[in-house]
Structures are given as structure tokens and as C-alpha cells.
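Listed in order, the protein sequences are those of chains F and S.
Note that the numbering used here numbers the first sequence so that position 271 is 275, with each residue one more than the last.
Note that the numbering used here numbers the second sequence so that position 153 is 298, with each residue one more than the last.
What the hints contain is simulated information worked out from the structure, not anything from laboratory work.
It is possible that part of the hints are untrue.
To be verified - Once the Cα atoms are required to be at most 30 Å apart in a straight line, the calculated DSS-like pairs of lysine-lysine come out as:
#, chain 1, residue 1, chain 2, residue 2
1, F, 581, S, 308
2, F, 53, S, 264
3, S, 198, F, 760
4, F, 52, S, 151
5, F, 242, S, 308
6, S, 240, F, 52
7, F, 673, F, 727
8, S, 198, F, 803
9, F, 580, S, 308
10, F, 52, S, 228
11, S, 191, F, 52
12, F, 244, S, 198
13, S, 191, F, 727
14, F, 242, S, 191
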Amino acid sequence: MQLKRRKFIQLGSAAGAALTVGSQFGMKAKAAALMELKQTGSASPTGKKNQEIPYTCLTCNIEDGGIAYVEDGRIRRLEGNPNHPGNRGKLCAKGNAGHLHVYDPTRILNPLKRIGPRGSGKWKRISWDEALSEVAGKIQGAMDIDPMSIMFQYGRNRTHGLVYRFMNALGSGTVNNHTSICECNKKVAMEHAWGPDIETPDFAHTKYILNFGSNLAEAAYFHNPYIQRLIDGKVENKAKLVTFDPRMTNTGAISDEWVPLKPATDGIVALAMCNVILQEGLADTEFIRKYTNVTAHQLAEHLKQFSPEFAEKESGVSADTIRRIAIEFATAGPATTYTYRGSSMHQNGVYTEKATMMLNVVTGNIEKRGGFNLPRGLGFGGGPGPHPPKPPHSILKYPPEYPLASHHVSHHVSHSILEGRQKINVFMLYCHNPLYTQPDGDTWKELLSSEKHIPYSVSFSINMDSSTEYADIILPDTTFLERWDPESMPSSALGWVGLRQPVIKPLGNAKAFRDTIYELAQKIDPDGKRGVKKYFSYGSAESYVKNQLEATPGLKAAGGFKLLKKYGVWPFYDKKKEDNFKFGAHEEALSESDLAGTTLEGRTLMKGGKSVGLMVDGKAVRGFGTPSRTFQVNVPEWEHYGFEPMPHYEPIEDHKRMKSDELLLSTYKPNVHTQSRTPNLKWLQELHHRNPAWINSETAKARGIGDDELIRITSPIGYMVTKARVTEAIHPQVVAIATSSGMTNKATVGNYGGTKDPDIVQNTWWDDTGVHPNQIIPVSTDPIGGGMGWFDTVITVTKAKAGDKYGDTHSDRGAARKAFEKALSKATKVRDSGDAHNTTAKTNVRDERHTEVGGVFGTTAKLRDFEDPHNTTA
Amino acid sequence: MAKKKKYAMVIDINRCIGCKACMTSCKAENDVPLGVFRNHVRELEKGIYPNMKKIFLPVLCNHCDKPACKAALPEGYEDAITKRDDGIVVWDEAKCKGKVAEAAIEGCPYSNAFMHPQKNVFQKCDYCVHRVDAGLQPACVSTCIGGARIFGDVNDSTSDVFKYMATHSTHVLKPEEGTTPNTYYVALDRITAERLEGSQQLPPTDATEIAVENFSG
Ligand code: SF4
Ligand code: SF4
Ligand code: SF4
Numbered sequence: 005m006q007l008k009r010r011k012f013i014q015l016g017s018a019a020g021a022a023l024t025v026g027s028q029f030g031m032k033a034k035a036a037a038l039m040e041l042k043q044t045g046s047a048s049p050t051g052k053k054n055q056e057i058p059y060t061c062l063t064c065n066i067e068d069g070g071i072a073y074v075e076d077g078r079i080r081r082l083e084g085n086p087n088h089p090g091n092r093g094k095l096c097a098k099g100n101a102g103h104l105h106v107y108d109p110t111r112i113l114n115p116l117k118r119i120g121p122r123g124s125g126k127w128k129r130i131s132w133d134e135a136l137s138e139v140a141g142k143i144q145g146a147m148d149i150d151p152m153s154i155m156f157q158y159g160r161n162r163t164h165g166l167v168y169r170f171m172n173a174l175g176s177g178t179v180n181n182h183t184s185i186c187e188c189n190k191k192v193a194m195e196h197a198w199g200p201d202i203e204t205p206d207f208a209h210t211k212y213i214l215n216f217g218s219n220l221a222e223a224a225y226f227h228n229p230y231i232q233r234l235i236d237g238k239v240e241n242k243a244k245l246v247t248f249d250p251r252m253t254n255t256g257a258i259s260d261e262w263v264p265l266k267p268a269t270d271g272i273v274a275l276a277m278c279n280v281i282l283q284e285g286l287a288d289t290e291f292i293r294k295y296t297n298v299t300a301h302q303l304a305e306h307l308k309q310f311s312p313e314f315a316e317k318e319s320g321v322s323a324d325t326i327r328r329i330a331i332e333f334a335t336a337g338p339a340t341t342y343t344y345r346g347s348s349m350h351q352n353g354v355y356t357e358k359a360t361m362m363l364n365v366v367t368g369n370i371e372k373r374g375g376f377n378l379p380r381g382l383g384f385g386g387g388p389g390p391h392p393p394k395p396p397h398s399i400l401k402y403p404p405e406y407p408l409a410s411h412h413v414s415h416h417v418s419h420s421i422l423e424g425r426q427k428i429n430v431f432m433l434y435c436h437n438p439l440y441t442q443p444d445g446d447t448w449k450e451l452l453s454s455e456k457h458i459p460y461s462v463s464f465s466i467n468m469d470s471s472t473e474y475a476d477i478i479l480p481d482t483t484f485l486e487r488w489d490p491e492s493m494p495s496s497a498l499g500w501v502g503l504r505q506p507v508i509k510p511l512g513n514a515k516a517f518r519d520t521i522y523e524l525a526q527k528i529d530p531d532g533k534r535g536v537k538k539y540f541s542y543g544s545a546e547s548y549v550k551n552q553l554e555a556t557p558g559l560k561a562a563g564g565f566k567l568l569k570k571y572g573v574w575p576f577y578d579k580k581k582e583d584n585f586k587f588g589a590h591e592e593a594l595s596e597s598d599l600a601g602t603t604l605e606g607r608t609l610m611k612g613g614k615s616v617g618l619m620v621d622g623k624a625v626r627g628f629g630t631p632s633r634t635f636q637v638n639v640p641e642w643e644h645y646g647f648e649p650m651p652h653y654e655p656i657e658d659h660k661r662m663k664s665d666e667l668l669l670s671t672y673k674p675n676v677h678t679q680s681r682t683p684n685l686k687w688l689q690e691l692h693h694r695n696p697a698w699i700n701s702e703t704a705k706a707r708g709i710g711d712d713e714l715i716r717i718t719s720p721i722g723y724m725v726t727k728a729r730v731t732e733a734i735h736p737q738v739v740a741i742a743t744s745s746g747m748t749n750k751a752t753v754g755n756y757g758g759t760k761d762p763d764i765v766q767n768t769w770w771d772d773t774g775v776h777p778n779q780i781i782p783v784s785t786d787p788i789g790g791g792m793g794w795f796d797t798v799i800t801v802t803k804a805k806a807g808d809k810y811g812d813t814h815s816d817r818g819a820a821r822k823a824f825e826k827a828l829s830k831a832t833k834v835r836d837s838g839d840a841h842n843t844t845a846k847t848n849v850r851d852e853r854h855t856e857v858g859g860v861f862g863t864t865a866k867l868r869d870f871e872d873p874h875n876t877t878a
Numbered sequence: 146m147a148k149k150k151k152y153a154m155v156i157d158i159n160r161c162i163g164c165k166a167c168m169t170s171c172k173a174e175n176d177v178p179l180g181v182f183r184n185h186v187r188e189l190e191k192g193i194y195p196n197m198k199k200i201f202l203p204v205l206c207n208h209c210d211k212p213a214c215k216a217a218l219p220e221g222y223e224d225a226i227t228k229r230d231d232g233i234v235v236w237d238e239a240k241c242k243g244k245v246a247e248a249a250i251e252g253c254p255y256s257n258a259f260m261h262p263q264k265n266v267f268q269k270c271d272y273c274v275h276r277v278d279a280g281l282q283p284a285c286v287s288t289c290i291g292g293a294r295i296f297g298d299v300n301d302s303t304s305d306v307f308k309y310m311a312t313h314s315t316h317v318l319k320p321e322e323g324t325t326p327n328t329y330y331v332a333l334d335r336i337t338a339e340r341l342e343g344s345q346q347l348p349p350t351d352a353t354e355i356a357v358e359n360f361s362g
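Chain F with its partners taken away, still in its complex shape (with noise of 0.2 Å):
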């Protein structure tokens, strides 16, 4: 269905005028008598006038556009921006619910201090002044011993710069992210490939779509403008949708074929197809002459090692298949493949994720219509000046074994500080929660108990979870509809720059981040004495949030921030423009003064020692964002440091030891939920709460295991007791766990200032709530991308032994230990267990990555100058 939506209306007048009521975001009313119901707008069932307040939403991280319906202050209802590229006008399960997260009977409304031992659960209320105060006494301290003991681990970090202007402010390169539990492995890949570390597929116009494990009906990146064009696109254009994945995923539901396959085999089925296509003389050679750097010959002759019959031994698809599915692929017209967290969170991850991406490269599917394209999106400015200077990089962050990890290693991180590593003095969380979201979850706990190691522990948090229990101080940050952000993602070909601001005021005494750490710098740093508190005199969070965004090229011109506090995002969506988007940014000729000053090595084109295009032909055209600016087929870094630069399979170790009777388990998240921040949003839980585990009927008989009957997963490092669920829809060699489910911390509604909701209370059906796997999840790295293998654990699974009780789970520390020691000793050098400051941490992907302003990513050469390796996605 098309829906007819508003025109970008004329700004001027309009982008200045003050925020009214009324449906100013909806479609143009037509004559009455013909007139099409508008898809948004406020009409409350109570009749109240409601304000109309256009917001980025944060459930998920998307940045899908919403407007907010405010009545007596109170948020009543939220729907989709319908002049957002992306979502158009559209919000997911998660993103409906999204204001429960202002109302969770869980939410912190004051700064707390711990009173009782760590994780007691005691707590007393005291000021802000009280609260500041002390944290920045304890930050003071630690500078003066060392700055770099001064630890910030964050999760969910949108501020697009903050993190990192105070933490450089204070001098500490101690930052740590959550990429590598995310899909980091996928970003390695790509970067070194084309640039870029995401793929914006024009799923809309293509004729097939080769899906390797992402489940984009339910998750995925980016999920809701993507599924709603991929739906298009199948429907409408009779695209064939094909996905591999163990599990019937929704996405494997609205499928036209799924084929499971044994997981961390997605790379050898993408390479046998490759194969298949160059042997039946169906590859675009004329691409892969002009824009790779290999040539036909070689790759074809590469390739010939991956034969299908070969891929079916290890992927259990069958030969034919393969050849079946690669022809059709090579011949339907513009393709496209699709790749997510499912085939990159192994450990064989990167080399998985640059096969899925040779298949768009030996079709010639690369920035074209229909095809598998650079993602677009307009990026913003680095906030006010001036700017602190970048510390030394933690060895925490950049570990020395892991040179090509430019997104961290966050899953070594409890690890490395309980064996010494790195002393911390000082540890803040903001919008992470490690010990239920990592991997061996148990290790983290074990971390943030321990005083001798985190002395002293601050957490920003909204609500209370799993490791906000285990703080010392919690500061109560607002939710994403109480606070400014400025967004950018590449979720439509249409890039576009959107607006979070506040659509009421902060709940109770909470207040948010942005301003919480502009306060801080304060206290620290009072009279200026510690260098500190010039890099905080911008004022308001609003004016450092309007300085970011109105570095956006055009968007000045345009209106403003005015416009976007009016509309939320800029430009508007038009379907006509994203229908006839021009591709091919690799093509672009460089102009008169791209050129001036360059000098040509091979065929790449340098200029003050970067490469600014490519020679094709004897035409000079910008290519991709490469050291050479070819898709770099051969990556020679990787050859530097001992990795395959060429296509490549790697089965994972275990799984070719795997005896007939272990399985392999695997994780994922399901429709209604984000990985850990939503158990406390009512209609969601309702919708899911128990996550019992998946497993094939056939391996359930042969267990004598029973749909719901309780069984025990042993891993290599403990194990837990859950319920089955007996399905066809899992391959017998899989058990499958949504994460989402399982939260076990001992918040109880409204004990710290959240409201209760009646609802709640009265109508609560459920009281089963899951069991979560990741304690017993060991730690696994990927050795070139650094990521987690999250779906490469072995287990077996038994029914429950005498005495298991539903939700035991039991970890043990050793083990967890030497599976740590285990993923290490894959890594590229035996490390020394450094001093921080020493760290020379250094990739040529890591201190160039950037994200450009204006254009495409990783085809332009303009820097955004904030450092934020986590800045485009995830």
C-alpha cells in the first residue's frame, strides 16, 4: 500500500512559526467528501487537547522518528514521524510502548548511596549537591593518582561526543564500549572491504535478497524502515526472499525459502555460491576489473577451493541447493544479500561477513538500484569548543592481541581488570548493564562486587538493573523522552539528520546525563585550575545539541534547528526521490579540484598522504572508502598480521571436535524486545516474557525430553535449568534462547520513586518470567574483529537432574577463566600485560575511522571531529 504522505512543505514562515496543536505533522486534509483518513495525528479518546511533540526514539537503537502526545503533562500516546526517511510514519511493537520507560514503577527519581554491602539492595535517598559532590571528589582523587584509572564503560551511548569530551577532559582513555557483544565483527569486515561499516540495501527495487541470518522482521539493524521496504520490495516487485539461519526466525516465516544450516557455516555456503558463479561464467568481471583489486582470474581461481560439495559437508546444505540458489541469484536482476549479528558473532565472524559480501561484488550488486549499496546519511558537527585533547588509549580498549579490533574488545574487559591489567580507581556505567547483557555474565558480577578492584562504582541509570544494584551512587539519568541528542543512520538511501529533545519534563529529581556531566566538570574542576572546566562553558544541553546539528550541511538553509524542533527531522521523506535515488557514488568522476595536487600510486590517487580516488580506465572516480579506493577483495593488513587477506573460510575448532551428542547453543532476541532494557514496559512483557528453549523434536525424543518440561544445558563453563519447547522450526543440531527474558534483580515496583501503575498491580497475569543464558555463555573472540562468538558454545542437554529447580544456573569461575585464556591464546601476539599509558594502540582503520558530513559514508573525505568509533550504528 502507498500511502499518500505531506509534501516537505515550504519553510520559511512554517519553520519558524511556534509549536501549535493540531495535526501539523499528519497529510494534507483534501476535500472533505474524498478525504483519505491521515495516518497520524492527535485525537485523545478523552478529548483533551494533546501537544504534539516530535522526538528520535531510543527503545532500540534505529533513531526512528516519533511524535509525542502530551496531555496534562503526562505522555498519553506515541507514533511514528511520517516525514522520518526512515520509519516513515511508523513504530515498531517497542517503539508503541516506548513511554513506558518514563513511567517504569523501576525508575530512579533521586540520587541514591549505597548504605548497605554491594548488590544488598540498601540504599538512602541524598541530594544532587550531596550526590555531585562526592563523585567528583572521587574523580578528583583519582586524577591526582592517575587519570587513566579513571574507567567509563558505557552501553547505549547516544550523546554522540560527551562520553568522550569528559573523559578526555580528565585525561582518561579508559573508555569502554559494548560493540563487541553488538556486531563489531561485521563493521571489521566491512571497513577493510568498502569503507563503510554497514551495508543500506534498496531492498524496494531488488529482485532477491539473500538473507544470512539476520532477522530484520523482528530485529536487526534497521529493523522497521528496512522490513517495511523489503516487504515492498517483495511484494510489490516480487523480490524472492531466501534465508539461511538455524532457526525459523519471523523473517524465516515471511521467507520464500528458509534453509537452516549449521551455525558459523554462513561463510562457506556464501563462498561456494561465489564459486558457483564464476565457474558458470555469471560473475560481473567488468566490476570486478575496474572497482576490486584482484582480478577475475585470481579470484575465480581462489575460489575453486570452496566447492558446494565441500560447503555441504560443513553447512549441511545441500550442494544443489547452493548451486541452485547462486544461479538464481547471479540471474534474478538487481540482488542483494543481508547480513546481521547471526553470521558475524562468530568467530569466524569477519571472514564470514567479507563472503556474504563478495557475493554482491562477483555479480556486479554494488551501488546500484536493487543492489547492495554504501549507506547515506548526513552526520552533524563535534559540539562547541574547545576541544580536550585525546589521552593515551587504554590497553583495556585497544588490547595490543587484537590490533585489528578497532570497535574494543568489551567482552575481555572483566576479565582483564580482575587479572590486574589495568587498576581502576573510578568506574562509571552509563546505559550498559554487563552483567546480564555480556557474555559470562557471572565474571562481571564477580567485577563490580569486588571493591579491591572497582573501589569506587557510579551508575547513570534510568531504572534499576542487574548492575546498577551493584553501585555505589546511582545518579538518575532521564529517559529518551526527557533529553536532547542529536541522531543521524543510514536507514533510508535518503540520509537525514533528526532531533531528540525533551517532550516533557524530567520526572521527579532525575536528571539527564548530558547536564548531570556538565555539573560534574563543574564540581571538579571549580576554578579552572584542573584544565577541566573550559571544555564545559558551552551552557545549556540544548545549545551544545543545536551547535552539533547545525554543522549539517544545508540544514542551516533550511531552517534550522528551529525546524527541527518543530518537525523533528530533516529532510523529509519523499518517496518519489528515494524511488529514484541515483546510485553508484563509487562512479562519481572527481572534479577539477579533487584532483589538484594528486599524486597516483598504482591506481589510487593520493593526496597529503590519503587516498582520495581511483583510476579506472583512465577516468578518475572517487571508488570506496579504502586505502587503495578499490573494494578490497585482498585486504592486505590483514596479511600483515597473519590473517587471510583473501575470501576465506574458518570452522571453528570446537565445532569440529563437536561429539554426536552435544549441540550448539544459540541466542537472539525476539520482536517485542530490546537485548535487556524492556523487561519493565507492561505490554511488551505481556506479549513475551518466558524464553523457554527451542530444540527439534527429534533431538527432544531422543533425549526423552517433552514440549515445556524442564530440562538442564550444561556449557563449558556451568549450566541452568530451563524449560523446552519442542519445535520443528530449529535445526536438530541447535538450542535456541531469546535473551530478552530472565532479568533477576531484586527491584521491586515503585521502591525508588517510580510510580506505581494500577494496571500493574492488578491485572499482572504472568509470573514466569524466563531464565537468561548468559552466565553460562563462555567468552569467545573473534582474533581479527574482536567480537564475540555468541553462538559457538557447545553444550548438551539433558532432561533436569533430581533436585534442579526451574531458573538454577550455576557458572564456575575457573572455567569461565580458561575459556578467557582460551580465546586469548587465538589471538594474534601473546600480550603483555602492559601499562596503559604506554599503549600505542594503533590501526589505520582505528585513527581514521570517521564518519562524514555531508554524503556518503566512507566515500567523502570530511571528518567529523569527535572520536566516537561507535558513531554510525550499534
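Starting from the known structure of chain F, arrange chain S with the ligands on it as the hints suggest.
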């Protein structure tokens, strides 16, 4: 002369991704309590590994031309449920409560109506009548990620719903009940074919999957 308005909804099974945005948007828009739903997305699984099928079936009130819920009202309470001129089936909270509501709920052959747990009054989908009267699409339609739900005036040849019905073949659930539904389905035959071959409702991981019904449409 413009014809009288008649609201209807088409749900295209080929576009439904089972995302349940329709369910949470409805909860939010209509403040629907936990434990009850105005709309459901049923999930049906069928087949033996690896030849599996999984299909989603969104259900909600059909706004029947001959509403069986209304027909089931006790004597003297006939006006507790009204079929509006534009086709939307609404109820009067002051009248449709207690035993009267129970009878109406019992009367719906689709199990689409329920009792509000606290107010003890009749409840069901009302096509978001407060939105429709204000010129807005129902909440579930507005947010439908797959673009599976199309709503509007079937008597208006320029409407999306008219055009969709003119270009797609549609079916209704349980036509043999004689209620003449106004919620139509595209590709319902995919569901009924599955049902006929004995597909099974997923176990109750989800509230959406609690009730197993016989779709024979
Ligand atoms: S997909 Fe993510 S950003 Fe979009 S509506 Fe859902 S939660 Fe919000
Ligand atoms: S579907 Fe049921 S509740 Fe809705 S109008 Fe028909 S009979 Fe009444
Ligand atoms: S919102 Fe639309 S696509 Fe999603 S489950 Fe409901 S009907 Fe299906």
C-alpha cells in the same frame, strides 16, 4: 451523490510480518488493560523440519453487518450495542455491562469481545472510532510496519481500501456464521490451507497464542 460512508479494513496476510506493533499501539491508544486485547496477531506453525511454515493472522472485531454480539443482547437492552451508519459497531458503556455484556461477549462467534477487568463493561475493537471521527486512521493501521492493514471507506472509489479490494481477492473469517464481516483478508487461503492440513497454534509463550480457534473461512 456521494454514497453513504462504510468503513472496512483489509488485512493482507502477504504483508504481515508478525511484528505486533498493531497490538502495542492498540494497547497504548485505547489504554487496554493487561490480560485482554482488542486485536491479536495469531502465529501458526506447520510442517516437519526443515519443511516448515509459519504464518501470521491478525484478528480484530469484524464490525459485522449483522453483529452477532448485538443479536445476543437480552431483551430490553438492544441499544447497548449499535451499528453506526458508517458501519462501526460501538457500545454504550452505561448499558453494556455485567450480564448484558456477558451475553454479547458470548454471542460473538469470533471471540473478539471481552470484559474490562476493572470496569466490568463490554470491550472490543471499535476501529479507533475517536480517531476515525477526527479524520485519522485507526492506531493499528497507522503503525502497521508491513503495510498489511488498509482502512477506509469502501464506498469511496478513490480510497485506498476500495482500490485494494478492487485489485485483490479477499475473504472473511467464518462466513458461515452469517455475520457479514467488514474486516477482509487477502491471502487468507494460505491460512485456511494450513489449518485444513492440521497446523498447530504455537504454545503459549505469548498471550497472542493462548486461544486456538478454528478458522474455516
Ligand atoms: S524500530 Fe527501534 S527506533 Fe524504530 S520504533 Fe521500534 S524501537 Fe523505536
Ligand atoms: S466480530 Fe464479534 S464483536 Fe465484532 S461485530 Fe462481529 S460479532 Fe460483534
Ligand atoms: S503491525 Fe501490521 S505487519 Fe505488524 S503484526 Fe500487525 S498487521 Fe502484521
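We went through each hint and held it up to the structure:
| no. | hint | result |
| --- | --- | --- |
| 1 | 581/F <-> 308/S | holds, 24 Å |
| 2 | 53/F <-> 264/S | holds, 25 Å |
| 3 | 198/S <-> 760/F | violated, 42 Å |
| 4 | 52/F <-> 151/S | holds, 27 Å |
| 5 | 242/F <-> 308/S | holds, 20 Å |
| 6 | 240/S <-> 52/F | holds, 24 Å |
| 7 | 673/F <-> 727/F | holds, 18 Å |
| 8 | 198/S <-> 803/F | holds, 28 Å |
| 9 | 580/F <-> 308/S | holds, 21 Å |
| 10 | 52/F <-> 228/S | holds, 26 Å |
| 11 | 191/S <-> 52/F | violated, 47 Å |
| 12 | 244/F <-> 198/S | holds, 16 Å |
| 13 | 191/S <-> 727/F | holds, 21 Å |
| 14 | 242/F <-> 191/S | holds, 24 Å |
Consistency with the previously given hints fails for numbers 3, 11, ordered from lowest to highest.
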